[in-house]
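Trainee: Protein sequences appear in the order of chains R and U. Positions 1 to 487 (my numbering) are the ones given, in order, by the first sequence. Positions 488 to 1024 (my numbering) are the ones given, in order, by the second sequence.
If you are wondering where the hints come from, they were derived from the structure by calculation, not from laboratory data. Please note that a few of the clues may not be correct.
As the list claims (entries may be wrong) - Think about it this way: if two alpha-carbon atoms lie no more than 25 Å apart in a straight line, the pair counts; the simulated DMTMM-like pairs of lysine to aspartate or glutamate are: (1) U:604 to R:274; (2) U:658 to R:363; (3) R:478 to U:563; (4) U:658 to R:298; (5) U:604 to R:363; (6) U:689 to R:324; (7) U:517 to R:438.
Claimed, not checked - To give an idea of the chain U side of the interface with chain R (calculated C-beta under 8 Å), a few residues: (8) 562; (9) 563; (10) 631; (11) 635; (12) 638; (13) 646; (14) 653; (15) 657; (16) 660; (17) 661; (18) 665; (19) 668; (20) 671; (21) 675; (22) 685; (23) 981.
Quick caveat, the model's predicted, so the values are computed rather than measured. Beta carbons: idealized from backbone N, C-alpha and C, even for Gly.
Now for the letters of each chain:
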Amino acid sequence: MLPNPQEYLLLAPEILLASAGLLLLLAGAIGRGMGNRESAGVAMVSLFLTGFVLMRVHSVIPARLLILNGSFVLDGFSFFWKMLVLIATALTVLLSVRFVAEGSYRPSEYYSLLLLATSGMLFMASGYTLLTIWIGLETMALASYILAGYFKRERRSTEAAMKYFILGAMSSGILLYGISLLYGATGTIHLGDLSEALRGAQAQGSPLVPLGWLLLAAGLFFKVAVVPFHIWTPDVYVGAPTPVTAYLAVASKAASFAILLRIFYEGLGSLKVEWQTVVAIVAVITMIWGNVAALTQDNVKRMLAYSSIAHAGYVMIGVLVASEIGLWSVIFYLLTYTFVTMGAFGTVILLERREYAGETAADYAGLSRRSPFLAAMMLLFMIALTGIPPTGGFVGKFYLFAAAVEKGWTWVAIVGVLTSAVSLYYYFRIVLYMYLRDSDQTTPTPLHAPALVVAIAICAVATLALGIFPGPFIELAKHSLIPLPSP
Amino acid sequence: MFDWVHNVPILSILCYLPLAGALIVMFGMKSGQESAIRKFATGVVFVDFLLSIPLWFAFDRNGELFQFRESAPWIESIGVRYEVGIDGIALLLVLLTTLLGVLAFLSSWSAIHTREKEYYIFLLLLQTGMLGVFMAMDFFLFYVFWEVMLVPMYFLIGIWGGARRLYASIKFFLYTLAGSVLMLLGILALYFYNSGGLLGWKGLGNPPSFSITQFHEIGASIPPDLQFWIFLGLFFSFAIKVPMFPFHTWLPDAHVEAPTAGSVILAGVLLKMGTYGFIRFSLPILPNATVKLLPWMAGLSIIGIIYGALVAMAQKDMKKLVAYSSVSHLGFVMLGLFALNGPGLNGSVLQMINHGLSTGALFLLVGVIYERRHTRLISEYGGISAVMPLYATVFLIITMSSIGLPTLNGFVGEFTILVGAFQRTWWWGLLAAIGIVLGAAYMLWMYQRVFFGPLTNSENKDLKDLTGREILYLAPLVLLCFWIGLYPRPFFRILEKPINYVVAKVDPTYGTAVASAPIVSAPVAATPATTAPAAGE
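Given only the sequences and the hints, what does the whole structure look like? Please build it.
Mentor: Structure (structure tokens):
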């Protein structure tokens, strides 16, 4: 059965973005290639266009539409994640402009890869068969491996790319193996059919099912970087060029959570009781280990890497409870997390002098004197990451813990609140250096990258807006629900 | 004359005026204009104080419990509202906050010389946070203010503090944050019980709300075991803030390292948030758990009273001595609260104010001499009264107020608390009275060592007596100490309604049947807790 050609019109955003990425790649290969600013401009414009087309597409379709023989779904849920990764990518572009200019590598390749990775994410958000999801995931992953190694003459960057590639490829393999086992047991890769088939008597007795979904889950846990599948994160985050780190920590994580929710809720819904136990354990050890390991980090990027692990642990609470509040809270939390983390990495980038210098906590000494603006911004982001009002970070955590308490996962919530109190210590270590210590350096830090400053300011405003007026955003999250797994 | 306050959102204005001031200083003033910033910031809190005075006159003592209410939807999907209002208890604490705010700002003029712009910004933000805590009538809003306030306090200790400021600031922050996150879970449990239910408990099915008055109403219907857990969650948060023994260890560090204004606000206002939390939330919302845990609460309070006093006696540093005296005094306040009767609660709230006034004044006084000599060691002084007679006089008055000499405020508060404690359980009162004796001992002993005796240390020979500005910020405190000491009636009058309300919520049997079985029964059956209360009231 061939799909209706008109259905491809509904794929316009994905097609547009992927074509823009390929065009940029082509433009970079001709002659001396395209300049940095021009490439960034093209990337920004295509991201905006994609967002615009995406909104058009979603204004004409019904609440939930399955196209391409049921392998691609258009609903509020996919719309939210697509918009989120587009925003995150746009912020990444703003974060990258100066960084790429200093790197003396071909700039258009960089932006091209960014767009290609993002188009993979769009497919992930809408994928409704395990294979569509997997292909989207691989598109994203392959582009990300190269992005992590973009500074090809830097040892750390190459090392990061290599580690990321090997571990990432292995996890993709595990994921695929899990998919094949589930297919073997149920005869389908379509999420809707899968959930039906798993209820059937034939699948109930099959030993392939538990093995299949566990492997699938392991692959997904690797992508969202939760303990014990987090080992790659710190090294990759530290080694990769910082804008890429921000991109991996935010966009890649968000898209991975989108498919995790989609697969767990819609595909594996009938196994809820089983996976809830696993997710609860993973959430708790992730919150504990992520926060404890972050305590001793002196490198700010590494600290943020562990903090991103810890935050993935908090988000897992929302996945775990499988309730309406749980879903909003995941959506709201990742929305906030996007702006806060992008802002924090943006500040790190602005302070990095040359590629990797300026990454230790001590480099932040006396920042409040040298650049009150930057220090205030970083303070805001650290407050938000800790989860203190009046920032979006607080409201996000509030919802997650509320979801846990409501559904009786109080012990998980207790671990959550206590570890977030622990996190204060390492986030405020940066604040301590910025405000409480003086440095020998007294020359003001110049704000010489306008795009970066704009990005940081956007993130700061969004962080506060999400904290003080969360109402509209909650309404937005309410429109992004997917069917909840039934017990 | 003051009726106009009913027509404006007075509480919001009071609360956000310092915030607006902070924003103006932040964006509108340059670091070069220290003197302008100082005057502007102090002006803002002074106006704030002036605006808060009409509350006292316009508050209807016979009217509704909560007045000057403002209410607007905030996060509708979960029923969070922006709701503020004050009862008599909150009114007194708001006035205390605005008053001490002005004094703290005035005292900073000469004490703070580095990074003044940031200093006044943080101090202003702190003021907004504290006022918000006392005004909030929505538990979510309360929590927001409760946590927001930690950040500026962290900076005040961490940037302008003493030698060990880095340690003290993060310790303060970690302790208080760890406590408050547990409160968050308690709030959530209340919220879900009020609406849809949680865990195994079937909810009441009310529309989702964080309204404090709503929680007050459902309080009695919450099952005892759930009450116990919620009480525990709230307890850690409030007990750390008070601080109750054994959660007090952050306090001496924070107090000693904080700059004078920080200590004044810390002791004067911040600690009251803990006791306020108990009286506003724990007692009326969780009566069953309160009664069940009464022996523990009273026990910790009494230990706090005696322990704080003994440790204070051993201190060599004046500021540390005052800090430990706070532990002891707050123990009194807690004991009064957990007497769960009219006198106990009345005395307790009054003592919150008294402690704010007298300890605030003590920190200011210690700050005065510290600015002159840059040491707070008691042994460095002796015979100061000869060179600083005025200072010695004020210090003596405040000392007397602190140890509870009749005609001064401390006496009224402590005496009323003791009446309440004796009525509840006679030996609580007895043990607490020992604390008063010890309190007199360490305060008078310090006074003697600092002010009397020969003037041996030559560095003290040329100490200047109080300046005009110092008199200006000490005088209101001294006057208030006398006012409350001589004529406390207006204060008790304004507290009458809210206290009766709390007593009715937590212990409905009180007052109706004085001689009936006291509520402390099974858990402390071994003690003679059941003696009939004195028929004094």
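Trainee: Are there hints from earlier that the structure breaks, and if so, what are their numbers?
Mentor: Violated hints: 1 and 23; rest satisfied.
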